[in-house]
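2 protein chains.
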Amino acid sequence: MLVIKAGGGKGLDTEAVVADVADLVKQGQQVVLVHGGSHETNVISEQLGHPPRFVTSVSGHSSRYTDRETLEIFVMVTAGKINKLLVERLQQLGVNAVGLSGIDGRLLEGNRKDHLRIVEDGKRKILRGEYSGVIEQVNVSLLTLLLGAGYMPVVAPNAISYESEALNVDGDRAAAAIAAALKAETLLILTNVPGVLRDVNDENSLITQIPQAQAEDVLDRYAEGRMKRKVLGAAEALRDGVGQVIIADGRVASPVSQALSGRGTVIK
Amino acid sequence: MLVIKAGGGKGLDTEAVVADVADLVKQGQQVVLVHGGSHETNVISEQLGHPPRFVTSVSGHSSRYTDRETLEIFVMVTAGKINKLLVERLQQLGVNAVGLSGIDGRLLEGNRKDHLRIVEDGKRKILRGEYSGVIEQVNVSLLTLLLGAGYMPVVAPNAISYESEALNVDGDRAAAAIAAALKAETLLILTNVPGVLRDVNDENSLITQIPQAQAEDVLDRYAEGRMKRKVLGAAEALRDGVGQVIIADGRVASPVSQALSGRGTVIK
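Just so you know, the protein sequences line up as chains A and H, in that order.
Residues -15 to 252 in the working numbering are what the first sequence spells out, letter by letter.
Residues -15 to 252 in the working numbering are what the second sequence spells out, letter by letter.
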């Protein structure tokens, strides 16, 4: 079982990813593809007159404020446009893909984070009406039902709260949760850098191997921003039974096969 | 088995529909819900700067021109926003809904209509680049797989062509095709009028019963525009083994139970 996270940010060659995935599926590999959608959501939010609002958390991170309107746009873009156009493309390549969001069949369930603690104009504030969350449960039986019948699940980064509210979730963490729930041999996270870098400004400073025991340490020393979340997700996935996590370049030709043959950062 | 078509046009009380559906599902009724989305697609297309274009066919009907950009917006709105928010609401009411588009698992497959024959400024023209179609195949096994595992399918009005292109399809016809494929006892089409009317301007002129043999005749005499497509879909569904088709008011309280207890137009 291979769980792949691809897309969401800019620069990824989605066409190369799906072509590569199609080859693997035809060779009999079971694959679950998880995608993102932040960038396209931002573009469409702007066009719809509800531009994304980024806030600074008390811990100093920048994050998106997902009010209900933003959530609905996020769901529309990720579970609608991105998900279905990926499914269409995979179908063109002969893969019988089925798109799902985390809302469908309670595929991805977790706690809603209904407020953000932010710093604005030097003051600490609480921003209410947030619709994001962290996945705690994966409905594995829905995935195995589809996989067992020969379908390839394509999953949008949404979840459902215990109170059944749709939520915005991080795609990398969603992929990690799915990989852990399926006890996948490999979780492959494709991104727009070569992998985990010693120096974020130097693409030649790739860390090729990280032993599982050192993942947290590497996280503290090298990972920043979004990469931090990827490595955090990787560490969680490994702890929960995933064989290996590969963080690799999604901008190259045959990105999936290249990553599986050892390019990128392998954490295990 | 009950297949319900609800939503897409204005005026329908979606909240009343889903509440009613939830009650039926809890009583053990197997339901497939099919929705539309033309109205909301028009609104969002306008907002995105790609307003809908309506053309007049050579036979005098007004229809939407679905170019690739419109198709992508239609898929985004129907399979994303409308579908997932319906699934969210059903989950809140305790129904384990799973949303699908006709693209997923080739659920709804048919021939692409790639051009429209139109009349513009008094001249006949061929408008190319159309992405709509008529459903010819339903992947029943995907629906029964989900139904058998306790999920309620919620289906967006998209299809996939034999060449694997996403298509815009009519929601009423999609519901009729699904009902026929499942040999449903009842296909219920909820709309924003009381049913098939003798006089389209008089809501008191409801035709309560139409024998199957007379459906085509009624179609010719009374049905206009969208109602024509509903009755056409009904006639096809009955021919293909559906027990009865009810066309009923979706604007009332408990619209599903009221229709099932005989309100509206019953065709059988």
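Warning: the hint list may mix true and false statements.
Within a straight-line C-alpha distance of at most 25 Å, the following computed SDA-like cross-link-like pairs (lysine to any residue) qualify [claimed, not checked]:
(1) H/Lys10 to A/Lys167
(2) A/Lys167 to A/Met(-15)
(3) H/Lys97 to A/Lys167
(4) H/Lys10 to A/Leu129
Worth flagging that the hints you see were computed from the coordinates, not collected in a lab.
Small disclaimer: the values here were computed from a predicted structure and weren't measured.
The hints, checked one at a time:
| no. | hint | result |
| --- | --- | --- |
| 1 | H/Lys10 to A/Lys167 | violated (33 Å) |
| 2 | A/Lys167 to A/Met(-15) | holds (8 Å) |
| 3 | H/Lys97 to A/Lys167 | violated (44 Å) |
| 4 | H/Lys10 to A/Leu129 | holds (22 Å) |
When held up to the earlier numbered hints, the structure conflicts with 1, 3 and fits the remainder.
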